[in-house]
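Novice: Residue numbers (full-length UniProt numbering), protein chains in the order written: chain F, 1 to 103; chain A, 1 to 383; chain Y, 1 to 486.
Just to be clear, a hint being listed does not mean it is correct.
What the hints assert, rightly or not - Each pair of labels, with its calculated beta carbon distance range:
{"id": "1", "chain 1": "Y", "residue 1": "R70", "chain 2": "A", "residue 2": "G373", "range": "17 to 23 Å"}
{"id": "2", "chain 1": "A", "residue 1": "T340", "chain 2": "F", "residue 2": "R29", "range": "21 to 27 Å"}
{"id": "3", "chain 1": "Y", "residue 1": "A37", "chain 2": "A", "residue 2": "E347", "range": "58 to 64 Å"}
{"id": "4", "chain 1": "A", "residue 1": "R229", "chain 2": "F", "residue 2": "S51", "range": "46 to 52 Å"}
{"id": "5", "chain 1": "F", "residue 1": "V100", "chain 2": "Y", "residue 2": "R70", "range": "55 to 61 Å"}
{"id": "6", "chain 1": "Y", "residue 1": "R28", "chain 2": "A", "residue 2": "Q263", "range": "26 to 32 Å"}
{"id": "7", "chain 1": "A", "residue 1": "K155", "chain 2": "Y", "residue 2": "V223", "range": "57 to 63 Å"}
{"id": "8", "chain 1": "A", "residue 1": "N227", "chain 2": "Y", "residue 2": "R70", "range": "35 to 41 Å"}
As the list claims (entries may be wrong) - Below, computed lysine to aspartate or glutamate pairings styled on EDC-like, alpha-carbon distance capped at 16 Å:
{"id": "9", "chain 1": "F", "residue 1": "K13", "chain 2": "A", "residue 2": "E336"}
{"id": "10", "chain 1": "A", "residue 1": "K151", "chain 2": "Y", "residue 2": "D413"}
{"id": "11", "chain 1": "A", "residue 1": "K155", "chain 2": "Y", "residue 2": "D413"}
{"id": "12", "chain 1": "Y", "residue 1": "K10", "chain 2": "A", "residue 2": "E62"}
{"id": "13", "chain 1": "Y", "residue 1": "K179", "chain 2": "A", "residue 2": "E147"}
{"id": "14", "chain 1": "A", "residue 1": "K70", "chain 2": "Y", "residue 2": "E201"}
{"id": "15", "chain 1": "F", "residue 1": "K62", "chain 2": "A", "residue 2": "D341"}
{"id": "16", "chain 1": "A", "residue 1": "K327", "chain 2": "F", "residue 2": "D63"}
{"id": "17", "chain 1": "F", "residue 1": "K72", "chain 2": "A", "residue 2": "D341"}
{"id": "18", "chain 1": "F", "residue 1": "K62", "chain 2": "A", "residue 2": "E331"}
{"id": "19", "chain 1": "A", "residue 1": "K324", "chain 2": "F", "residue 2": "D63"}
{"id": "20", "chain 1": "F", "residue 1": "K62", "chain 2": "A", "residue 2": "E336"}
{"id": "21", "chain 1": "A", "residue 1": "K155", "chain 2": "Y", "residue 2": "E203"}
{"id": "22", "chain 1": "A", "residue 1": "K357", "chain 2": "F", "residue 2": "E35"}
{"id": "23", "chain 1": "A", "residue 1": "K155", "chain 2": "Y", "residue 2": "E201"}
{"id": "24", "chain 1": "A", "residue 1": "K151", "chain 2": "Y", "residue 2": "E201"}
{"id": "25", "chain 1": "A", "residue 1": "K90", "chain 2": "A", "residue 2": "D101"}
{"id": "26", "chain 1": "Y", "residue 1": "K20", "chain 2": "A", "residue 2": "E62"}
{"id": "27", "chain 1": "Y", "residue 1": "K183", "chain 2": "F", "residue 2": "D52"}
{"id": "28", "chain 1": "A", "residue 1": "K372", "chain 2": "Y", "residue 2": "E60"}
{"id": "29", "chain 1": "A", "residue 1": "K382", "chain 2": "F", "residue 2": "D52"}
{"id": "30", "chain 1": "Y", "residue 1": "K20", "chain 2": "A", "residue 2": "E73"}
Simulated from the structure, these hints should not be mistaken for laboratory data. Just so it is clear, the structure is predicted and the values come from calculations on it, not from any experiment. Yeah, the Cβ is synthetic: ideal placement off N, Cα and C, and Gly gets one too.
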Amino acid sequence: MVVRIRLSRFGNKHQPFYNIVVAQARSARDSKPLEVIGTFNPVPQRPTGLSDEEARAARAYKDISLDRSRAKYWLGVGAQPSDGVWRLLHLAGLIEAKKVPSN
Amino acid sequence: MAQRIPNHLVSNSLLPYLSSSPSTSLFRLTTAYTSSSLTDASRPASRSFSTTRPSQTKLRREMIRWLRGKGSELQHHTPGETNYITHTNKPFPGNPLYRSDPILSEDMRNEIHRQVTVQNKSVRAVSVQYSVDMRRVAAVVRLVELENQMKEQGKSLALPYARAIHEMVPVTHLREHDDRRKSHETINDLPVHRLTDPQIFYPVSESRQFNRIDAGRVFSAAPALRNQRAEWLEANPDETIRRITQESPANIEKVGKGDEEHQVLLPADARIPHPHMITHERNRLTIGKTEPAEVRQKYRERLEQETQVELQRKERAQQRLEMKTQKVQPENSRFEFRFTDVVVSRETTGLTGRGHKAPGRRYGVPSSDRKKGQVKIPTRVKV
Amino acid sequence: MRNRATTPLKTPKIRQSWSKYNLYNLSRLRDVYRPNATFFQQKWKAKAAARAYHGEQVSEKQWQRMFSPRLRSVVPMAPSNLARDDGSAMSAGRGSGLTKAPQPEEMEDFEVYEEDAGADKPREKFRGSRASYTGERTTPYVQMTFAPLERRLDTAIFRAMFASSARQARQFVVHGAVKVNGKPMRFPGYLLNPGDMFQVEPERVMYATGAPKDKVERRQTRVARKKAAEEAKKAEEAAEEAAEEAEEAAEATKAESAPLEAPRKTLRALMSKAKAIMNSSKDVLPAKRKQDLRGFQRAVRRVLSRSGNSSVLTANLEEQFSELTTLLKVKRAEKKPQKAEKTEVEAKAEGSATEKSESEAATTKAGENGPITTQLSEAFRQAIQNPEKEVDTSELSDEEFEVLRRALVQMRDNPVDSTKPYATPWRPRDYMSAFATIPRYLEVNHNICAAVYLRHPVARPGFGEVPTPFGEMVNNPAFVWYLRRR
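The following block holds chain F by itself, in its conformation from the complex:
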């Protein structure tokens, strides 16, 4: 059995919110995982507390919370990140970018 690092969907209709979880690959998406190591909010947030000019130039951001040491541990013991999580972990600087098979 493979242990995967993947997203499990919470939030409401049109308001997605994900827990980044470590779970058995064959378990249901929203079932109780082995561990919750972070969260991912895919809805872009406008930065606040800026002046008008700054606000115009600023990028919207997506919020991610992550326990790096736990993520590293699970990667070390062979947990397989899903594609979405792979991208996030790559942005966090924990793993190399996934090689896209060229066909």
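Chains A and Y: place on chain F using the hints.
Specialist: Chains A and Y in isolation, oriented as in the chain F frame:
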């Protein structure tokens, strides 16, 4: 039916502008006409098209009589005076416990804005200087900024409306130099704390004074201070309060365990918005008569220090936030990704795995956000 | 949502509204205390009366959820008292026969040094109201029963005097005329947080608080609108014809003719209106008024005959106005040295004052203007009709000159404009002043119709900050009702 004369047509629209108060000649004229039209309306000839009688009940007649008699003076205001039913500053005749408080005049607002933005004074200093609440000072600066911005953009303002309001309600004007200081509002309001609600019978020893610090500990069920420590606090009241207010709030002593844990209730000296004023008063009492210059100097230094401390605190909070978050801006994405560090451990998740300090939405907890009675509209709007 | 906020005369209810019915009901409000009523009846009557005013648009269930038995209050502290005594004087001697707290010493003047206060400058002093410090008065806690409702956006808009009733405020929110912290907010039930800024469109506020148009003005609006539509049609046709002939030439003429036509039209309309008044109400007009009107007609005719080829009316109003004011200032400056009694310093001071007071001319009281003299009105007429000519102010006294200047400023800020939905020039609606009060927990800037919700309302010794028409005789039973132990 006599036609009502539109005010702005007569005398080349001169009168409405020349008389700022509507209760002057212009309105005396128009009211004369309206009353004549009213008498006309009561004649049967004026309602020739309708056979039904208008509902002129006794109550209605009484009301009209009141409006023409006693109520007529409430119709228009005299600039610079309140015009309430009670003839005092209480707008509600049934409620003597509400009074109409003065608002800041326009020159006062502009002066506060100038002091903060141009002269770079701290909000705290301006608040004490004009006796205006610190939150109000901040709000005034924000609103005047917005006003200037709207003026620059050439948006229409409601100037005649603003004038009328400032004529109707009491106003605190910017005082002149020879004027005696009049306070706009009390700036050292102490919020009544929930812990002080119960009445407590607490016997104290006669060997030592029982002061506000001790009272706070009693209210929050904290053990009494040891004598030595209490004596030191009593001997150095200024230093005590300075430490509480200027050092990190995390240093405040806590009592209780688990969910019951709460901070020890601080004395009133530390909980009012301007604790530095107490130290100033104390200085005045001791050396104010002999060395007023020094007292003034110390006051200035203290204000400066307060401002510095607040600035540093803000900076530190900003730094801490930046330390905790890592911002990534990938080139092939429109968005920025902000990674916040969290901790997943037995301490945060708890034995059941449902601890509230751990990250993520909880498992096994029903979501009630669509249930009846839950708040479904936004609860806050970020600036 | 149907508006159930009626103001019946038979069973009077007080509403959050500035209507004259409401004012009359307020004037005959008596305490609902009836000695024969049972406790339950007292509570029921009290809460019914209070709820008819507080959050009438909020359903009872919703309000019951908002209700909190915890009532906020503050105690104003005097730093001088805190400095003099660390609290031990209050507790000393309890239990040994001394039951009364020692009288606080005579309160001294509370004094603060400003940063820029020089050593030689006399100290500035301020005396806080002693009663608020020594706690003579009790804190009216039950007056805060309906404080949670004051957090609602629609109520706050009504309290800031941006709307003439809470229902109207609610409509403004629902119709999208309100922003919170610069972002549109369409929920009237949004609970403001301390520090939130809300703003309403100034035009809506002017409409809500201004006197309504009367019959004649409404008719004028209709006529003007119809004419404008016709003109637009004509202009379109003309433009089309012109386009057929020669496009470029037509463009040029149109650009010139359009601004020239508009003021002439308004002048003509004004004259016809004046005529209509003269004809329709000959018997009611006082003789003086008639003279004025005739003079006005003559003046308009003069301008109309002249403006065909002059550039007077082509310049826009704003420019005219600024020209006029500068002209007035220049004239004034020229005139001043001639006056012997005025010193240089005074003149300078006045000059700066006039500049400053342009924006806030009317906030200074204009009560001193007595009978308006004929010279003054003549000068005003001149100023309005031919702004490019020098206004003859030589025969005006200083006071009259000031009045004239103020009038011109007001004319710019508060113009006659038939397109507005309220009577122009704007004036407050009747009976507004009887309700005019702004509570302490709001900081309002009326110029831009924006306000900041500073904090939650609190009770303080002697005063409750929630504006409620009821005293403790009503609020107390109402509070007890909502404690839900009946």
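Novice: Can you list which hints this structure breaks, lowest number first?
Specialist: 6, 7, 9 and 14
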